[in-house]
Amino acid sequence: MTIRPETQVLPAPAMTIGGRAVRATQTFDVVDPAIGQVFAQAPDASDAQLDAAVQAARDAFPAWAALPWGERQAMLARVAGIYMANQEELARLLTREQGKPLARARSEVAVAAHWYAEFAKMALPELVLQDTAQAHVAVRRVPVGVVGAMVPWNYPVVLAAWKIAPGLLAGNTMVLKPSPFTPLVTLRLGELLREVLPPGVLNIVSGGESLGPRMSAHHGFDKLSFTGSSATGRAVMRSASGTLKRLTLELGGNDAAIVMPDVDVDAVAKELFWGAFVNSGQICIAAKRLYIHEAIYARMAKALVALAEATRMAPGDAEGAELGPVQNRRQFDRLRELLADCRQRGLRLLSGGEPASGPGYFFPVTLVDNPPDDARVVREEPFGPILPLLKFRDVDEVVARANASEYGLAGSVWCRDEAQALAIARRLETGTVWINEIQTASPHKPMAGHKQSGLGVENGLEGLMTYTQPQTISLRRAA
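Oh and the sequence shown: position 335 is 337 in our numbering, straight run, nothing missing.
These aren't lab readings, by the way, just hints derived from the structure by calculation.
You may find that some hints are simply not true.
[Unchecked claim] Straight line, CA to CA, 25 Å or less: simulated DMTMM-like cross-link-like pairs of lysine to aspartate or glutamate:
no.: 1; residue 1: Lys123; residue 2: Glu464
no.: 2; residue 1: Lys453; residue 2: Glu399
no.: 3; residue 1: Lys123; residue 2: Glu73
no.: 4; residue 1: Lys393; residue 2: Glu431
no.: 5; residue 1: Lys447; residue 2: Glu420
no.: 6; residue 1: Lys304; residue 2: Glu273
no.: 7; residue 1: Lys304; residue 2: Asp319
no.: 8; residue 1: Lys272; residue 2: Asp371
no.: 9; residue 1: Lys304; residue 2: Asp371
no.: 10; residue 1: Lys304; residue 2: Glu324
no.: 11; residue 1: Lys393; residue 2: Asp419
no.: 12; residue 1: Lys393; residue 2: Asp224
no.: 13; residue 1: Lys393; residue 2: Glu339
no.: 14; residue 1: Lys272; residue 2: Glu73
no.: 15; residue 1: Lys393; residue 2: Asp319
no.: 16; residue 1: Lys393; residue 2: Glu382
no.: 17; residue 1: Lys272; residue 2: Glu464
[What the hints assert, rightly or not] Simulated restraints on C-beta separations:
no.: 18; residue 1: Glu420; residue 2: Lys447; range: 34 to 44 Å
no.: 19; residue 1: Gly38; residue 2: Ala269; range: 33 to 43 Å
no.: 20; residue 1: Arg94; residue 2: Asp49; range: 41 to 51 Å
no.: 21; residue 1: Met86; residue 2: Pro472; range: 32 to 42 Å
If you're wondering where the values come from, they're calculated on a predicted model, not measured in any experiment.
Where a beta carbon is used, it is the ideal one built from N, C-alpha and C, also for glycine.
Using the sequences and the hints, build the whole thing.
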């Protein structure tokens with residue numbers, strides 16, 4: 003495993019408030035997860051600086067909302083170009099603070115640029131309900147106002163784009179907060195976008211764990227868009243209720259993948275391996291419970307073990323790295339808790355297990371052999387490279403087990419019989435079901451969490467509409 007030499011701690015960059023670089027008096031540490039050491043400082047926004055960011059967004063809102071839709075589309079297209087022009091710099095910074103392999107970081111920047119470019123093509127035309135000699139009735143979409151966006155640490159560049167692109171296109175102004183674990187790439191983006199966006203349209207503030215609750219309770223926001231855990235989402239909802247803020251909450255998941263006996267085992271094993279372990283399993287729409295028909299269970303398990311043993315885990319900037327470390331110590335310790343529960347129950351591990359000693363938060367790909375449904379590794383979202391392999395016999399059984407979760411974000415069905423696959427998919431209690439594919443998110447595909455996996459919609463025209471409000475204009479014409 004490649005270990006970086008110790009480096010000097012980088013000073014805190016500036017935040018972006020009202021189109022200006024604003025520095026904070028207080029700072030906090032940013033840790034490189036590949037070595038488990040502080041490598042940078044980040045600004046910790048004060049109450050006054052948060053107030054200033056919200057006020058800057060409020061001041062910028064009338065002019066931004068009044069821009070023709072096409073001008074805002076053109077602005078998003080320019081933002082996409084800024085991302086790609088700075089792809090390598092952004093990717094290297096992302097790898098340093100998040101831990102993912104550099105190739106994946108480059109891809110994340112490119113995917114974010116794609117989100118802006120595709121949203122730049124979207125429109126929400128007026129809906130005419132009546133147009134007669136007597137009356138004209140139409141419904142148009144108007145922006146909500148000032149939006150507060152809170153982004154997690156697993157995909158900070160892409161998930162910020164999921165919020166910024168529709169939010170700005172719809173005519174809102176925004177204050178965005180990155181995770182305290184991965185603030186640097188977002189702060190750098192704020193600096194770059196000052197050259198493109200009018201002052202106050204997009205403000206970026208960073209801070210420790212107190213900043214999120216301060217944003218949730220702030221009276222100056224008309225809407226909050228949050229991506230993170232279900233527990234934190236509930237806290238955001240409680241805090242936002244005092245001022246009846248609109249909410250989009252994209253929360254946790256415990257996605258089931260159902261594998262029928264007619265599949266090509268080796269081909270599907272490879273897709274499911276990466277569908278579970280890309281980004282070291284730190285993605286809300288990863289496969290987290292793998293239900294395999296008993297007729298192919300042994301062959302599928304063997305294929306997955308071979309993939310686990312052949313995959314290189316290393317610091318993200320190391321040559322040939324395919325998986326990086328877990329992003330932070332808290333998540334690393336949680337994975338060790340789940341592993342301890344597996345051992346306490348006497349469960350069999352097909353691969354992985356206890357992390358090797360050494361620096362960084364490297365947790366090996368761990369496959370758990372057919373644990374009981376009440377095991378923590380089955381009931382809880384691990385958000386890391388641990389995957390339970392679960393044996394099933396018939397469709398009714400596996401659908402019931404897949405649905406026996408408080409979460410309902412996504413799931414997948416793997417089956418050559420299209421009619422059977424569709425029948426199973428329609429019985430799953432999730433916002434998204436993939437058939438013979440996984441994690442194929444798109445700017446044009448709405449993603450909504452069912453059950454405890456969230457409120458509202460991200461992406462697609464439905465997601466764009468959540469950043470607007472309907473306004474009905476009813477005109478009675480003179481006789």
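Against the structure, the hints:
1. Between the alpha carbons of lysine 123 and glutamate 464 the distance comes to roughly 15 Å, so the proposed pair stays at or under 25 Å and holds.
2. For a cut-off of 25 Å, the pair hint linking lysine 453 to glutamate 399 stands: about 20 Å separates their Cα positions.
3. Straight-line distance between C-alpha atoms of lysine 123 and glutamate 73 comes to about 11 Å, which keeps the hinted pair within the 25 Å bound.
4. Distance hint between lysine 393 and glutamate 431 is fulfilled; the C-alpha atoms sit about 20 Å from each other, no more than 25 Å.
5. For the given pair, lysine 447 sits about 21 Å from glutamate 420 by alpha-carbon distance, which is consistent with the 25 Å threshold.
6. A hinted pair counts as satisfied when its Cα atoms are at most 25 Å apart, and lysine 304 with glutamate 273 qualifies at roughly 15 Å.
7. This hinted pair does not check out: lysine 304 and aspartate 319 have alpha carbons roughly 30 Å apart, beyond 25 Å.
8. About 18 Å separates the Cα atoms of lysine 272 and aspartate 371, which keeps this hinted pair within 25 Å; it holds.
9. In summary, the hint linking lysine 304 to aspartate 371 is supported, as the alpha carbons are separated by about 11 Å, within the 25 Å threshold.
10. This hinted pair checks out: lysine 304 and glutamate 324 have alpha carbons roughly 20 Å apart, not beyond 25 Å.
11. With a C-alpha separation of about 20 Å, the suggested pairing of lysine 393 with aspartate 419 holds against the 25 Å cut-off.
12. For the hint pairing lysine 393 with aspartate 224, the CA-to-CA distance comes to about 47 Å; that exceeds 25 Å, so the pair is violated.
13. Distance hint between lysine 393 and glutamate 339 is fulfilled; the C-alpha atoms sit about 24 Å from each other, no more than 25 Å.
14. Using a Cα cut-off of 25 Å, the hinted pair lysine 272 and glutamate 73 is violated, with the two alpha carbons roughly 44 Å apart.
15. Of the pairs offered as hints, the one joining lysine 393 and aspartate 319 is violated, with about 37 Å between alpha carbons and a cut-off of 25 Å exceeded.
16. A threshold of 25 Å between alpha carbons decides the hint, and for lysine 393 with glutamate 382 the separation of about 18 Å falls inside it, so the pair holds.
17. For the proposed pair lysine 272 and glutamate 464, the alpha carbon gap of about 32 Å is over 25 Å, so the pair is violated.
18. Look at glutamate 420 against lysine 447: about 19 Å separates their beta carbons, and that is not inside 34 to 44 Å.
19. Between glycine 38 and alanine 269 the C-beta distance comes to about 37 Å, which sits within the given range of 33 to 43 Å.
20. Checked against the hint of 41 to 51 Å, the C-beta distance between arginine 94 and aspartate 49 comes to roughly 33 Å, which is inconsistent with it.
21. In this structure the hint that methionine 86 and proline 472 lie 32 to 42 Å apart at CB holds, the actual value being about 35 Å.
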